[in-house]
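**Q** One-letter residues, chain by chain:
2 protein chains.
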Amino acid sequence: MSGPEKMSGVLSPVITPFKADLSVDAERLVRQCRWLMARDCGLAVFGTNSEANSLSVEEKIELLDALTGAGLDPARMMPGTGACAIPDTVRLTAHAVKLGCSGVLMLPPFYYKGVSDEGLFRSYSEVIQRVGDERLKIYLYHFPAVSQVPITLTLIERLLKAYPDTVVGIKDSSGDWGNMAAMLKQFPGFAMFPGNETLLLKSMQNGGAGCISATANINPAAIADLAANWQAPDAQERQDDMNGLRTIFQALPLIPAMKAAVAHYSGDAAWERVRPPLVELSAAEKAGLLDQLEELGFDMPGLAETQAA
Amino acid sequence: MSGPEKMSGVLSPVITPFKADLSVDAERLVRQCRWLMARDCGLAVFGTNSEANSLSVEEKIELLDALTGAGLDPARMMPGTGACAIPDTVRLTAHAVKLGCSGVLMLPPFYYKGVSDEGLFRSYSEVIQRVGDERLKIYLYHFPAVSQVPITLTLIERLLKAYPDTVVGIKDSSGDWGNMAAMLKQFPGFAMFPGNETLLLKSMQNGGAGCISATANINPAAIADLAANWQAPDAQERQDDMNGLRTIFQALPLIPAMKAAVAHYSGDAAWERVRPPLVELSAAEKAGLLDQLEELGFDMPGLAETQAA
Chain X
0 MSGPEKMSGV
10 LSPVITPFKA
20 DLSVDAERLV
30 RQCRWLMARD
40 CGLAVFGTNS
50 EANSLSVEEK
60 IELLDALTGA
70 GLDPARMMPG
80 TGACAIPDTV
90 RLTAHAVKLG
100 CSGVLMLPPF
110 YYKGVSDEGL
120 FRSYSEVIQR
130 VGDERLKIYL
140 YHFPAVSQVP
150 ITLTLIERLL
160 KAYPDTVVGI
170 KDSSGDWGNM
180 AAMLKQFPGF
190 AMFPGNETLL
200 LKSMQNGGAG
210 CISATANINP
220 AAIADLAANW
230 QAPDAQERQD
240 DMNGLRTIFQ
250 ALPLIPAMKA
260 AVAHYSGDAA
270 WERVRPPLVE
280 LSAAEKAGLL
290 DQLEELGFDM
300 PGLAETQAA
Chain C
0 MSGPEKMSGV
10 LSPVITPFKA
20 DLSVDAERLV
30 RQCRWLMARD
40 CGLAVFGTNS
50 EANSLSVEEK
60 IELLDALTGA
70 GLDPARMMPG
80 TGACAIPDTV
90 RLTAHAVKLG
100 CSGVLMLPPF
110 YYKGVSDEGL
120 FRSYSEVIQR
130 VGDERLKIYL
140 YHFPAVSQVP
150 ITLTLIERLL
160 KAYPDTVVGI
170 KDSSGDWGNM
180 AAMLKQFPGF
190 AMFPGNETLL
200 LKSMQNGGAG
210 CISATANINP
220 AAIADLAANW
230 QAPDAQERQD
240 DMNGLRTIFQ
250 ALPLIPAMKA
260 AVAHYSGDAA
270 WERVRPPLVE
280 LSAAEKAGLL
290 DQLEELGFDM
300 PGLAETQAA
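Chains X and C, in that order, give the protein sequences.
Numbering that gives the first Met the number 0 puts the first residue of the first sequence at 0, with every later residue one more than the last.
Numbering that gives the first Met the number 0 puts the first residue of the second sequence at 0, with every later residue one more than the last.
Quick caveat, the hints were computed from the structure, so don't treat them as lab data.
All of these numbers come straight from a predicted model, not from anything done at the bench.
One should not assume that every hint holds.
If several chains are the same, the list does not tell them apart, and a pair holds so long as it fits within one copy or across any two.
[Claimed, not checked] Think about it this way: if two alpha-carbon atoms lie no more than 25 Å apart in a straight line, the pair counts; the simulated SDA-like pairs of lysine to any residue are:
#1 K285 to G131
#2 K5 to D39
#3 K5 to H263
#4 K160 to E133
#5 K201 to S22
#6 K18 to D116
#7 K201 to A269
#8 K201 to R30
#9 K285 to R121
#10 K160 to D116
#11 K5 to L251
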C-alpha cells in the first residue's frame, strides 16, 4: 500500500467555533486542536459534531489551511469531506490530500434517500477517480440515523475489491455492535472506528482501530488513554467512568452541550455559539449540565491556558 | 408588498442534463426550458427532480446565468436555493434575486434531523437578513419524506409574522392534503403549490396557487391547461387522465424515468444521464416505460424540434 499509513487511536470530531457574526473562527479552532493533539487525540475535523454540513466548502478549506498553516500535523487529521454534490466532495478531498492529511472521512451523498448500493458505489468511485491521487485514503462514514443513507456490508465489499489501497476504513456511528462485529470479521485489516466511545473497549478487544467520538471533544485524555491501554487490568473500570460522562452529555442536544462545556472550562463564552438550525442550550439546560459535571469532579485541564495562549 | 408579484400556475422542477463527463449541460437545459415555457410552464429549476443537491453552488450559478443569458424570463423562474450551509443558501439566493427571479424555493437545512422550529426560524431568518433585498420572495419547500426536516404550521406562522413581504408561499410535497388544506385555511393569501399534480384540481378549488410537479417535465401543457381552466366542465376528466400518466412514472425511480422519456421523445440519448447516487433505468425498465407510454398514445409534441434547434 502506498501513501499514508492507516490511522488508529482516538480522533475528535472537533467542534467548530464561530465569531459573533457566525463566521468561522480559525484561531479558536487552532487552539482547540492544539489542546486535543496534546492529549493524543487526532483531528476528525468537519464531522457531524463539527457542524460541518453547516459550513461551505470554502469555509472548510479556509479552516484546514489555518490548521496546517499553524503547524498542526496533517498525519493526525481525518477531515470530513463527503457532501451531497460530487464536485464539492472532490474539491475538499483533493485539498485535504494536497495538504497531507492521512485520511478523509466521507459521508455518502445524503439528500436522496433509498438510493441503491450501485448508485453509492458509483458516487465513491467517481470521487476516487476524479481526485486521482494514490495518497487518498478514505474512511467511510456510516451514520444512518442522521444521513439516512446507510453504508451496507455489500457496498463495502465492492469498494474494497475495486479500491483496496484507497478505501481503508470506516467510522460506524450506527451504535449497532452487530454491524461493527460483522465488519471486523468480514474485512480483516479494514480500520473500524466506532462512532461512540462506549464501544471503545469492546472494539479494541475485537480488533478495532480506535474510536471517533463526539465526547473526545470533552474527555480526550481518558479516551485516548483507554485506547492505548485497553489491555490494562482496570480497562473496564475506565470504560465505565467514561460511559457515565457520555450519559450526561447524551441526555442533551449533544453539540450545544459540548460547546457549553468548552465555553465553561475555557472561560470563553464565544464557544457557546452554534449555527442554525442548531440552537444553544437554554440557561436551565446549561446550569443542569454544569452542576452534573461539577458533581462528578469533572475538569478539562489545560483548556483555559491553551485557549488564552 | 414591494418586489415581484406572487407566482402562480404550473412550474416544472426541470430535469438537469449532463454531458458525458457528468458536467452540467447548459445548452440542453436552455432548450428544455424554452420548450417548457412555450407550454406555459414556469421554471422551478434546481428542485429535487433537478438533482439540484447533486450540483455545486457554482454549477447552479452557471446554469442560472445561462438561462437568463439566453433570454428566458426570470419572472417565471423559482430556482431551488436551500442548502445545508447558510453561506451556500445566501450565495445562490442573492444571485437569483440579482438576476430578477420572481421567487426562490427554499429547502430547510437538511443534514441535522430532529431540529427545532426555533432553529429553522433562525436559519431562514439569517438567510433573509444576509440577502437583505426586498425583492427576495421565498417559497418554503416542505418535503418530509426526502429532506426529513418538516416545515410545520407553527414555523410558517412565525415566519409570516416576522417576514410577511418575503415569505410568500410553499411547495408542499408531503402528499398530505390535510396539511395543505390547513395552510389554505390558516394562511389566506399564502401561495400554496402541491408538489404533485394529482392534487392540482382539488387545490385550485380550495384556493391553491397551482402546482410544482415532477411530471410537469413530461406533461407540461396538460397540467398548465388544467391549472388555467380548473373551472371547465371536463376538469375532473382531465385530472383523471393526468393521474394515469403520473402512475406510470411513479412506479419507477422517478428522475431516471423522466430522463428516459425525454431522451426518447427528443431523440437525444444524452438526456438519460444522471449523477450518482442516482442510476439510470435498466434496459427492461426503460422498455416497459416506453411500451406503456405508447399504449397511452402519449407524446411530447415539439420536443425533438426544440432540442434540435
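**Q** Take the hints in turn and mark each one as holding or not.
**A** A quick look at each hint next to the structure:
Taking the shortest Cα distances, K285 and G131 never come within 25 Å of each other, neither inside one copy (46 Å) nor across copies (33 Å). In this assembly of identical chains, K5 and D39 lie within 25 Å of each other by CA distance solely inside one copy; the values are 16 Å within and 57 Å between copies. Taking the shortest alpha-carbon separations for K5 and H263, neither the intra-copy value of 35 Å nor the inter-copy value of 48 Å comes in at or below 25 Å. For the identical chains of this complex, K160 and E133 are intra-copy neighbours only, at 16 Å inside a copy versus 54 Å across copies, given an alpha-carbon limit of 25 Å.
Proximity of K201 and S22 under a CA criterion of 25 Å is satisfied in neither setting, with 39 Å inside one chain copy and 45 Å between copies. Taking the shortest Cα distances, K18 and D116 sit within 25 Å of each other only across copies (23 Å), while inside one copy they are farther apart (40 Å). In this assembly of identical chains, the alpha carbons of K201 and A269 never lie at most 25 Å apart, being 37 Å within a copy and 51 Å across copies at closest. For the homomeric pair K201 and R30, neither the shortest alpha-carbon distance inside one copy (32 Å) nor that between copies (59 Å) is at most 25 Å.
With identical chains, the CA atoms of K285 and R121 are at most 25 Å apart between copies only, with a shortest distance of 20 Å across copies and 44 Å within one. Proximity of K160 to D116 under the C-alpha cut-off of 25 Å is restricted to the intra-copy arrangement: shortest distance 14 Å within a copy versus 44 Å between copies. In this homomeric assembly, K5 and L251 never come within 25 Å of each other (Cα to Cα): the closest approach is 34 Å inside a single copy and 41 Å across copies.
The structure shown violates the earlier hints numbered 1, 3, 5, 7, 8 and 11.
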